[in-house]
Amino acid sequence: DIVMTQAPLSVSVTPGESASISCRSSKSLLHSNGITYVYWYLQKPGKSPQLLIYRMSNLASGVPDRFSGSGSETDFTLKISRVEAEDVGIYYCGQLLENPYTFGAGTKLELK
Amino acid sequence: QVKLQQSGAELVKPGASVKLSCKTSGYTFSTSYMSWFKQIPGQSIEWIGMIYAGDGGTGYNQKFKGKATLTVDTSSSTAYMDLSSLTTEDSAVYFCARRVTVAPFDYWGQGVMVTVSS
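Those sequence lines, one after another, are chains U and D. FYI, the numbering for the first sequence is 85 to 196, going by our numbering. FYI, the numbering for the second sequence is 18 to 135, going by our numbering.
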């Protein structure tokens, strides 16, 4: 199985500042079709996960453009600029390249 | 709008089975995929498997083969997941989520807590 490793496991951010979350996969997520199959989800407290970023760098519908995704074949970053109170929760990276789809352990974002 | 409504919380005894439902609306269920996930409180998300509503074709995480069985009823636009031979390790929140090609898992059910206890 592809292992997704996130860092840090928690981050505390002052509102208005930016935050970055890293994710590393144990195998390249770049398919021969040119698509990198890494995704980012946010799970707010007591809620279901919600899609933020698909195919490494594409913003999901309705997601503020304060969120952005980037990376290479195995190293990925989610950046949140101008963090707001509504951004609090656990962020997960996931790979949908191979069965089984796998997710990182999550990064908990809190406000200072 | 797209909605995925899951059935209510379950309390089941060890060794028993349970069938969870995920009723959908707001999109064409019969030509879509549905995935199911397991999340033990405080832990990450595990993908259980996926089913194509068009023909009932399935794909499972090897870890959950024999534990979970996915089915659909296109007449009611509902997806189901049977969990069998339950143990305390199956106690978790289970989610259904729509799987679309480009932006997968864009809509999720609210989750259902399954508690396995004698």
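Watch out, some of these pointers could steer you wrong.
Said to hold, decoys possible - No farther apart than 20 angstroms at their CA atoms in a straight line, the calculated lysine to any residue pairs in the SDA-like style are these: (1) K36(D) <-> E63(D); (2) K128(U) <-> S38(D); (3) K131(U) <-> P121(D); (4) K36(D) <-> A120(D); (5) K84(D) <-> K131(U); (6) K82(D) <-> I86(U); (7) K131(U) <-> K40(D); (8) K20(D) <-> V147(U); (9) K192(U) <-> E63(D); (10) K80(D) <-> D85(U); (11) K111(U) <-> Y44(D); (12) K20(D) <-> K192(U); (13) K40(D) <-> S135(D); (14) K131(U) <-> S135(D); (15) K163(U) <-> A120(D); (16) K40(D) <-> K80(D); (17) K82(D) <-> N183(U); (18) K192(U) <-> K111(U); (19) K82(D) <-> K20(D); (20) K192(U) <-> P31(D); (21) K84(D) <-> P121(D); (22) K128(U) <-> M130(D); (23) K131(U) <-> T132(D); (24) K131(U) <-> Y124(D).
These are calculated hints, taken from the structure and not from any lab test.
Here's how the hints hold up against the structure:
| no. | hint | result |
| --- | --- | --- |
| 1 | K36(D) <-> E63(D) | 18 angstroms, holds |
| 2 | K128(U) <-> S38(D) | 23 angstroms, violated |
| 3 | K131(U) <-> P121(D) | 18 angstroms, holds |
| 4 | K36(D) <-> A120(D) | 28 angstroms, violated |
| 5 | K84(D) <-> K131(U) | 25 angstroms, violated |
| 6 | K82(D) <-> I86(U) | 18 angstroms, holds |
| 7 | K131(U) <-> K40(D) | 18 angstroms, holds |
| 8 | K20(D) <-> V147(U) | 18 angstroms, holds |
| 9 | K192(U) <-> E63(D) | 18 angstroms, holds |
| 10 | K80(D) <-> D85(U) | 11 angstroms, holds |
| 11 | K111(U) <-> Y44(D) | 35 angstroms, violated |
| 12 | K20(D) <-> K192(U) | 27 angstroms, violated |
| 13 | K40(D) <-> S135(D) | 29 angstroms, violated |
| 14 | K131(U) <-> S135(D) | 28 angstroms, violated |
| 15 | K163(U) <-> A120(D) | 19 angstroms, holds |
| 16 | K40(D) <-> K80(D) | 25 angstroms, violated |
| 17 | K82(D) <-> N183(U) | 13 angstroms, holds |
| 18 | K192(U) <-> K111(U) | 24 angstroms, violated |
| 19 | K82(D) <-> K20(D) | 28 angstroms, violated |
| 20 | K192(U) <-> P31(D) | 33 angstroms, violated |
| 21 | K84(D) <-> P121(D) | 24 angstroms, violated |
| 22 | K128(U) <-> M130(D) | 17 angstroms, holds |
| 23 | K131(U) <-> T132(D) | 18 angstroms, holds |
| 24 | K131(U) <-> Y124(D) | 12 angstroms, holds |
Violation of the numbered hints given earlier is confined to hints 2, 4, 5, 11, 12, 13, 14, 16, 18, 19, 20 and 21; the remaining hints are satisfied by the structure.
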